[in-house]
Amino acid sequence: MSKQQKVKTPLRNVAGTGKAGVRYRQEALESFYDGFKAAGIDFAVFLPDSMLDGVEQLIIERGDIEAYQCSREDEGIAMAMGAFLVGKRPVALMEGSGIGMSALILARGIVQKTPTMLIIGHNSTLGERYDYHGATRLVAEPVLRALDIPYHVLFDPGDIRKVIVEAQATIEGQRLPFGILVPSHVIREIGESR
Amino acid sequence: MNRTDVLRHIAKLRNGAPMIISPGLANYPIAEAKDEPLTIYNMDMPYTTPMALGMALGWPERKVISIEGDGSLLAGPGVLSTVARYRPKNLLMFVFDNGAYLTTGSGKAPTTTAFGTDIEQLGRAAGLQNTRTVHDLDAAKDVISAAFTQIGPWLIVAKVDKQDRPAERGPHTLPMYVYEAGLIFHRAALQEKSAKK
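As they're listed, the protein sequences go chains W and C.
To get this note's numbering, take the position in the first sequence, counting from 1, and add 22.
To get this note's numbering, take the position in the second sequence, counting from 1, and add 170.
Just chain W, with the same shape it has in the complex (with noise of 0.2 Å):
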């Protein structure tokens, strides 16, 4: 990160963070924190979203992964293969919708064997309660099955670092992008009666 970007901000409770009404589980947030460590990341690119914004907030805080914020979704993941081409490791981070923006930009990383982590906010499943999620929710699984890009959601947040470690693996190794979606209740304090 150049001078001009690094971004100083007490180190706090990130948990606290997001809109009204929304707690993020802190011991998720550290679990992603530790898998990019584990895994090598080094280089995150995100939109803000409200699913994953205790994550971006988590990676700008700590400082030590190259954090940068794209204006599409789709720009976003074309920035993270730029940077995996002159070797980093990098991460995109967006809701589900970011997805829907980036089949061609996806479709080149694969031709072209230029890779990226993506780890998504919002799956098809669970946990959608909102009708204006509803394209949102359609629309990141079918295009990353379309492309025959490996994903997996996540279901207990004790299996983020494994999970994120594992997928690297894959993304270095296969030389495919990899998707890893992140169901509300992975992420975010809620309670039974929601």
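For the record, the hints were derived by calculation from the structure and aren't laboratory data.
A few of these clues could be false.
What the hints assert, rightly or not - Looking from chain W toward chain C, a few residues come up when the C-beta cut is under 8 Å (computed):
| no. | residue |
| --- | --- |
| 1 | F65 |
| 2 | S93 |
| 3 | M103 |
| 4 | A105 |
| 5 | G109 |
| 6 | I127 |
| 7 | V133 |
| 8 | K135 |
Ideal Cβ placement from N, Cα and C applies to all residues, glycine included.
Please arrange chain C on chain W, whose structure you already have, making use of the hints.
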């Protein structure tokens, strides 16, 4: 101003720098000048500059070049604001503006620059500071030479004619397939970085 003349000048100054080229006729003069391993030809639009931006941020010691057309940049102009936000000093963006989707079909379909859209002003509005529009080869050579020696990011718009479109569509051959481009580029970048450690 002929696009090929400008591309040859860029190729002369390139010194093996990482380069991504948008789809179309601009690929061939670059390949003819010298095929370099740190090249991605015929990037799907609008991903030329976004991928170059990721390279520039990830490899700040190296100049990184994106070769855009007006059509390809206008397909994703939001990236100019991302470039302006992070201001990678090593990123050079060259846009060849002929006012048309020249490579496609008849080549007669105009882009919006034919109706007044100003790509340099898009860059200025996005927050870029080192921007130029050039209309003749001498001016183009001057500003391109400056961009290779001075701090970026640079957005240089070259207003070019449509004379480099061949009358007959011949075989299109480039030195490498897209299928191998990522492997060749990645390996070359890692080797260069390793050699400089």
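Hint by hint, here is what the structure shows:
1. With a least beta-carbon distance of about 6 Å to chain C, the hint placing W:F65 at the interface is held under the 8 Å criterion.
2. Proximity of W:S93 to chain C holds as hinted, the smallest CB-CB distance being about 4 Å (cut-off 8 Å).
3. With its C-beta approaching chain C no nearer than about 6 Å, W:M103 sits inside the 8 Å limit, and its interface hint holds.
4. Taken as an interface hint, W:A105 checks out: its beta carbon lies about 4 Å from the nearest beta carbon of chain C, inside 8 Å.
5. With a cut of 8 Å, the hint placing W:G109 at the interface with chain C holds, because the nearest CB-to-CB distance is about 5 Å.
6. Contact between W:I127 and chain C, as hinted, is supported at the beta carbon level, the nearest pair being about 5 Å apart and thus within 8 Å.
7. About 6 Å separates the beta-carbon of W:V133 from the nearest beta-carbon of chain C, less than 8 Å, and the hint is met.
8. Residue-level restraint check for W:K135 holds (minimum Cβ-Cβ distance to chain C is 4 Å; threshold 8 Å).
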